[in-house]
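Participant: One-letter residues, chain by chain:
Number of protein chains: 2
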Amino acid sequence: MNTKKKQLRLGAFLHPTGHHIAAWRHPQAQANPLNFKHYKRLAQTAERGKFDMIFLADGVAVRDHSSDVEGWSRNGKLVHFEPLTLLSALSAVTDNIGLVATASTTYNEPFHIARKFASLDYLSDGRAGWNVVTSGTEAEAKNFNREKHLEHATRYERAQEFVELVTKLWDSWEDDAFIRDQESGVYFEADKLHIPHHKGKHFSVRGPLNVARPVQGYPVIVQAGSSEAGQELAAQTAEVIFTAQQTLKEAQEFYASVKGRLAKYGRSPEHLKIMPGIFPVIGSTEQEAKEKYDQLQELVHPLVGLGLLGWVYGGKDLSGYPLDGPAPEFPDDTNGSKSRLKLVSDLANRENLTLKELYLAIAGARGHRTIWGTPQQIADQLEEWFVNDGADGFNIMPPYLPGGLEEFVDLVIPELQRRGLFRTEYEGQTLRENLGLPRPANQFNNIANSAELAGVSV
Amino acid sequence: MNTKKKQLRLGAFLHPTGHHIAAWRHPQAQANPLNFKHYKRLAQTAERGKFDMIFLADGVAVRDHSSDVEGWSRNGKLVHFEPLTLLSALSAVTDNIGLVATASTTYNEPFHIARKFASLDYLSDGRAGWNVVTSGTEAEAKNFNREKHLEHATRYERAQEFVELVTKLWDSWEDDAFIRDQESGVYFEADKLHIPHHKGKHFSVRGPLNVARPVQGYPVIVQAGSSEAGQELAAQTAEVIFTAQQTLKEAQEFYASVKGRLAKYGRSPEHLKIMPGIFPVIGSTEQEAKEKYDQLQELVHPLVGLGLLGWVYGGKDLSGYPLDGPAPEFPDDTNGSKSRLKLVSDLANRENLTLKELYLAIAGARGHRTIWGTPQQIADQLEEWFVNDGADGFNIMPPYLPGGLEEFVDLVIPELQRRGLFRTEYEGQTLRENLGLPRPANQFNNIANSAELAGVSV
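Sequence order for the protein chains is B and C.
UniProt numbering puts the first residue of the first sequence at 1, with every later residue one more than the last.
UniProt numbering puts the first residue of the second sequence at 1, with every later residue one more than the last.
It should be emphasised that the hints constitute simulated quantities derived from the structure, not laboratory data.
Beta carbons are placed, not taken as given, at the ideal position from N, Cα and C, and that holds for glycine.
Keep in mind that a hint or two might mislead.
[To be verified] So the derived list for chain C, only partly shown, Cβ under 10 Å to chain B, looks like this:
1. Ser73
2. Pro83
3. Lys142
4. Arg261
[Claimed, not checked] To spell it out: a stretch of chain B is covered by chain C in this simulated footprint if at least three of its residues, at any positions, have a beta carbon under 8 Å from a beta carbon of chain C; those stretches are:
5. 69-80
6. 104-114
7. 120-132
8. 167-181
9. 186-193
10. 202-211
11. 358-372
Same shape as in the complex, but just chain B (with noise of 0.2 Å):
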């Protein structure tokens, strides 16, 4: 391994048959994503390929936002395994690669997702993540007692207290609290338990968990929001975080304001690695790869295209629209995805495109950079973002599986290696040590003890 360059990440984005809307019509995709071999397979892959982690997306209610049930009955991504369970089997059957979950801080509690985390960062010996998000649609407040979801600004404050909340219940016990002397009996050290008893704006939780310090201290924390409350939640909190960036200015920009804003918190840059969405299509040329593209668009039904554009617009009907005309108007301003529009505006703008144009346009990547060409091709556009402060690695969004990301691991993956960018083999066990991230030190270490048990018997 060429320890000398600086190394880019890598995550395999897996979605269910691919990223693509219409990726489970592809001949050669498994259309059936409950299919517990098929994500094996995919693991295995991107294993074998040394990625330095896969990632599963998640939303707690049918992700379709088409008005009527002729487009739902056409969508493939509806249902789907829930990712802290795939990702607790895919741990028995990998040994090195990072499992990173999206769990939502909106409609969860903080007990169940530091238990979670921390019990899928023992199954795996220190391979887990947590990709924190907020939920932002009205078919998951539906879901969970709610008429409407939470406001914008609302939901990023409870999910900051959720997160620092979270940290304090992964540093109940010290590092080396159990001690397990089965000769004198003492099973742990009382000075190195550390009860949270946390009284918050959103949460009351008194703790200690039920689960040891995590294997890695902290389960990695990865951030997908871009919006300036997004940034500055990643900020103080993130170490990874996936962004939709589609052309290396606004990448570069980005990443600058992403890495600037790390020193008030007393964060060093290399302490969060930014890593932008691509959705490759690879090709033996540049021509077949571009057919192979077209392949996937044409199977893209009118309705789903014009649901998933919908999604954008925070929940509009746009099946009254003529497809070749332009976009309706977008909104200022959404309390969904605020980054999402702004980057779907800026595209119809930018090009002037037709409803179906635009559809079409986030069919395959929603939003994320799409490159298509020969092995080499890709990996140039890769190493530039990457040479040029535009990233330091990629989540990469296969179109179909499990052919997508085998083609990247068989042609892509040998090409980077060759120029000394990636990995040939993993450096370390866990995945905070394949990143490069410190492990987090127990912020109650050399605290005294606030246990008061005598406050705590049941």
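For chain B, the structure is supplied; the task is to place chain C on it using the hints.
Facilitator: The following block gives chain C in isolation, referenced to the frame of chain B:
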């Protein structure tokens, strides 16, 4: 296999290092329960023994009831894996055995629970079961924004609506809804989607679930409460009951009481399996078994014993009472487990035990039945209850692990098989098939689709 004779059902109830509260101090026990290799060995051993299922208890707080830190620090059961993540990992290294996790209806949301168990059912190809419990300790309440835990009656009312709603979410899609027709682009048949639109006293959840209908229709529903409210909930919804019974007479009364409640819910007695807990101590002679038991009992520190007993009292600090005096008077009622309180207070009164004798009496089996002897004697005891309508099977609680389970599989299982009481091969693929339980029909089959998708857009 003897297909004529009625067959015993067996669960392997895996407490982290074994059921005895001093198990972790046993020289052959695994003292560190955050150890996946340990559980992998246990699950594969249970599967080798053709157990119907492994079963994991759970609580959402550290489980200790001592009032001082010295008692806590000697408790080897405070930290452990979270059951759903652990069973998901075990699903990848086992083929036939059922995977039953406890999850509370008090501090969870129905959408999450429906989804995670459906996901586990797909990961395991139809081997998931859900042990439905309510949470009755203040330690748990305080991890979820509450000072006090819910009243017993409210907990059961919430539990009943919770289970009903979870089955509606599992029935969101008919079994054959997903046709995945790549040619036409139709992924599911619209009239086979049933959006629950649930609005009840405790929950308002629209659905549908973002997982297809589970492999088993519903994962197997297990229940452990034995109070009046618990029996009634079980008669309505449970398919397996784990219960604590000390004598054949009590077991027969309980068996008759629960089975007698099924008719009014239109259910057959065969469709609810009653499985008392058994704490077996196995020796090559009765004397050797007794010595093994005594060896464990001698490892119990008084503070740990009093902490356990204090839990039965509903959280009472017993550290001031003389160990060789009588146990203090029991409360008339508790807001914790009513059936546990009755069981232990009956035991104390019946046998006129000192405080130390009482905590030692529950130090192994926590109120479940302890039997020691040769493999033949253990088999005799199990057979006696089984053929005399005291039980449909048993939930085996090994004193320490892995040894206690391995002895049972190697010595007692073959004896039960020789007697024609227990399978030598699994009968089916799913847990439901192995238990001889019917696959539930979808409650929305043949009901016109009330989806009203116009109201469903985001």
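Participant: If a hint holds in the structure, say so; if it does not, say that too.
Facilitator: Cross-check of the supplied hints:
For C:Ser73, the suggested interface contact is upheld, since its CB lies about 5 Å from the closest CB of chain B, less than 10 Å. Because the beta carbon of C:Pro83 sits about 9 Å from the nearest beta carbon in chain B, less than 10 Å, this interface hint is met. The interface hint given for C:Lys142 holds, since its Cβ lies 4 Å from the closest Cβ of chain B, which is under the 10 Å cut-off. Among the interface hints, the one on C:Arg261 is violated; its C-beta lies about 31 Å from the nearest C-beta in chain B, farther than the 10 Å criterion.
Counting residues of the region 69-80 of chain B whose CB falls under 8 Å from any CB of chain C gives 10; the rule of at least 3 is met. With 5 residues bearing a CB less than 8 Å from a CB of chain C, the region 104-114 of chain B meets the requirement of three and the coverage assertion stands. Counting residues of the region 120-132 of chain B whose beta carbon lies closer than 8 Å to any beta carbon of chain C gives 4, which meets the minimum of three for the stated coverage. Note: the region 167-181 of chain B has 3 residues with beta-carbon separation from chain C under 8 Å; the three-residue rule is met and the coverage holds.
Judged by the Cβ-Cβ criterion of 8 Å, the region 186-193 of chain B is covered by chain C as claimed, because 6 of its residues qualify and three suffice. With a cut-off of 8 Å between beta carbons, the region 202-211 of chain B has 9 residues touching chain C; three or more are needed, and the interface restraint holds. Residue count for the region 358-372 of chain B with a Cβ under 8 Å from a Cβ of chain C: 0. That is fewer than the three needed, and the coverage hint is violated.
Against the hints set out earlier in the document, violations occur for numbers 4, 11.
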